[in-house]
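Participant: For what it's worth, the numbering used here labels the leading residue of the sequence shown as 249, then goes sequentially.
Because the hints were derived from the structure by calculation, they are not lab data.
We put the CB at the ideal spot given by N, CA and C, even for glycine.
Incorrect hints may appear among the rest.
[Stated by the list, open to error] Computed spacing ranges between beta-carbons, pair by pair:
(1) Ala273 - Thr490: 40 to 46 Å
(2) Ala295 - Gly608: 44 to 50 Å
(3) Ala412 - Val344: 20 to 26 Å
(4) Ala616 - Glu472: 28 to 34 Å
(5) Leu512 - Lys366: 28 to 34 Å
(6) Ala517 - Pro642: 40 to 46 Å
(7) Gln534 - Ala591: 47 to 53 Å
(8) Ala616 - His535: 19 to 25 Å
(9) Arg389 - Met485: 16 to 22 Å
(10) Asp607 - Gln628: 42 to 48 Å
(11) Gln534 - Thr490: 44 to 50 Å
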Amino acid sequence: MLAWELGANLGHATRLRSVALALRARGHRVSLALRDVVGTREFLGAALGPVFQAPLLLNNVSQPAWSMADILLSCGFESARTLGGLAEAWENLLAVSGCDVLLADHSPTALLAARLAKVPAVHVGAGFFIPPRQTPLPIFRDWASAPDSHAALADARALASANALLAARAAPPLPRLCDLFYPEQTLLCGWPELDHYAGAGRAATDYLGPDCEFQPGVAPAWPESPGPRVFAYLRAMNPEHTELLRALDALGCATECFFPDRGLVNAAARVESRHIHYSAQPVDMQHVLSECALVVCHAGQATVAQAMRAGVPCLMLPTQTEQFLLARQAQRFGVGINAASLARPVDYRALIAELMRPDGAHVAGARAMAAKYKHFNPPQLTAQIVAAAESLAPVR
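With the sequences and hints as input, model every part of the structure.
Facilitator: Listed below in structure tokens is the structure:
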């Protein structure tokens with residue numbers, strides 16, 4: 249069973265899709281338990297295997313998260329009673345699906361359920377979802393001051409709930425909360441330059457590279473415009489998308505914009521321009537990156553990694569902590585700019601022009617990363633994940 253429990257957008261499902269296809273090609277029976285069974289329906293298709301709704305905590309109140317322990321507390325680890333209900337539902341899914349091996353992507357409760365059910369597990373994900381082996385789990389919201397002892401207290405509360413369930417089954421306890429994220433096999437899918445924890449507690453050999461295989465998409469329809477070509481991946485939740493698009497228009501950039509939820513934008517805030525073509529469908533990123541001078545995105549790892557491999561700088565507009573941390577790290581290594589770190593208001597016209605300057609530092613930084621990782625092979629990462637799962641499967 250391939251599981252995705254937490255996290256927004258479809259990056260997790262994209263990773264699982266590649267792995268599921270590879271497993272199916274090798275004759276394995278696959279099922280999926282997904283956080284979003286509606287948004288992934290057309291993307292995944294019905295041929296991969298049965299799809300189940302992932303058990304989720306309803307009516308939970310979102311609180312500012314200082315560490316991964318806070319995220320666990322907000323999704324059910326606050327009490328053994330709540331966690332027990334969710335873990336039992338996951339165990340039922342493992343049983344109903346006939347699961348021999350769990351492959352989990354940002355699915356902490358599924359990982360706990362696998363321990364309870366004695367089902368071996370593979371944990372895959374970017375750096376944010378696989379925190380370092382540290383106690384307490386590190387504070388990632390480091391631009392503000394966490395309350396005294398907060399990290400240790402949050403760790404202890406989440407660990408106590410998990411260990412209460414394990415004790416009820418006479419199962420070995422988790423010595424530390426971080427051990428939950430390291431079952432039989434854990435594969436860190438990222439590069440040091442994209443590690444949300446900036447390499448804390450990691451060895452160079454831990455990094456296997458990001459899951460950035462190119463997925464099917466429509467061909468870009470570049471507008472007829474004299475300016476450089478820009479690809480923008482925007483979401484309505486970003487309040488500055490209007491200013492950004494107006495800047496691209498003013499600069500005459502031939503812009504291909506993937507804006508899947510543009511219909512949610514107030515009509516008065518929409519930017520209509522002969523320089524901008526909007527696509528409601530994912531575009532062929534391999535095609536796009538071979539022709540564009542700049543990528544504008546919300547700092548999802550796959551998009552930034554694809555741009556890095558192509559030597560294209562990024563203007564990043566993160567809207568959540570995970571994205572902010574990745575954007576900050578990418579900026580540190582000179583491959584783009586994290587707009588969320590800049591003082592308001594942002595001069596997007598100047599920012600875009602600076603990022604695309606042929607002799608500029610960002611173009612040079614992006615090209616240096618492309619040279620460093622020119623031999624990276626994303627399908628090989630998928631093969632490593634498949635091999636890890638197969639190593640845990642029973643011999644029949």
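Participant: Now tell me if each hint is right for this structure.
Facilitator: Verification of the supplied hints:
{"no.": "1", "hint": "Ala273 - Thr490: 40 to 46 Å", "in the structure": "44 Å, holds"}
{"no.": "2", "hint": "Ala295 - Gly608: 44 to 50 Å", "in the structure": "46 Å, holds"}
{"no.": "3", "hint": "Ala412 - Val344: 20 to 26 Å", "in the structure": "25 Å, holds"}
{"no.": "4", "hint": "Ala616 - Glu472: 28 to 34 Å", "in the structure": "33 Å, holds"}
{"no.": "5", "hint": "Leu512 - Lys366: 28 to 34 Å", "in the structure": "45 Å, violated"}
{"no.": "6", "hint": "Ala517 - Pro642: 40 to 46 Å", "in the structure": "56 Å, violated"}
{"no.": "7", "hint": "Gln534 - Ala591: 47 to 53 Å", "in the structure": "36 Å, violated"}
{"no.": "8", "hint": "Ala616 - His535: 19 to 25 Å", "in the structure": "24 Å, holds"}
{"no.": "9", "hint": "Arg389 - Met485: 16 to 22 Å", "in the structure": "19 Å, holds"}
{"no.": "10", "hint": "Asp607 - Gln628: 42 to 48 Å", "in the structure": "35 Å, violated"}
{"no.": "11", "hint": "Gln534 - Thr490: 44 to 50 Å", "in the structure": "29 Å, violated"}
Hints 5, 6, 7, 10 and 11 from the list above are not met by this structure, while the remaining hints are.
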